[in-house]
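Please model the complete structure; the sequences and the hints are all you need to start from.
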Amino acid sequence: MTALVLAAQAPLHRRAAALVLLQPQALRFLDLVAMQLHDQTRRLVESGELTPEEGEIVDRAIDVAVMDLRGGRPVDTSAMPAPLAALFQSLAGPNRRFALTDDAIFPPHVARWLPPMPVLLTYGALDPQVPCRTTDQLTDAVGHRVVLPGVGHLMTTADGTLSTVLTRELSALRW
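Under my numbering, the residues of the sequence shown are numbered 6 to 180, in order.
Quick caveat, the hints were computed from the structure, so don't treat them as lab data. Cβ coordinates follow ideal geometry from the N, Cα and C atoms, glycine included. Nothing false has been slipped in among the hints.
If you anchor each label on the Cβ, the simulated ranges turn out as follows:
1. A8 / R47: 29 to 35 Å
2. T172 / E58: 46 to 52 Å
3. N100 / T169: 33 to 39 Å
4. E51 / P154: 23 to 29 Å
5. L131 / M6: 18 to 24 Å
6. G77 / R48: 27 to 33 Å
7. L11 / D36: 18 to 24 Å
Spelled out as structure tokens, the structure:
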């Protein structure tokens, strides 16, 4: 996010030669957090650890917490499981400034302000934190993306090695 914002806002005489966005955040921060939490809730319901009704309560609590954070209101965590409550207490407390500053940025909008430069945008096909489905608008803004097959969020394959597709794409960049 920092590289994207700096590249978009830099004066021409200090412009970056290229921009490499490896598994970047492609949504507003709290939208991404909510999506990840809703995915986790869905998996807990599917596994039987939560009933569908409990899942709906948790999902509603997530949505209300996001709205309250964005609205500057206190976040009610009473209907949340303890780990979720701790996360939102942290986002509403010591991490509030970071959460709201990051959340105010919609990466595809910022990317539209990039000056002409080479951009490498990658996503791991197996990345549960920043799934490819979240990247369409950012991809449209920069013109392309490279999907790394068999790769998770840390850009490695199942055996822990760095993606060969990534190293090839990095080598092909012309600064």
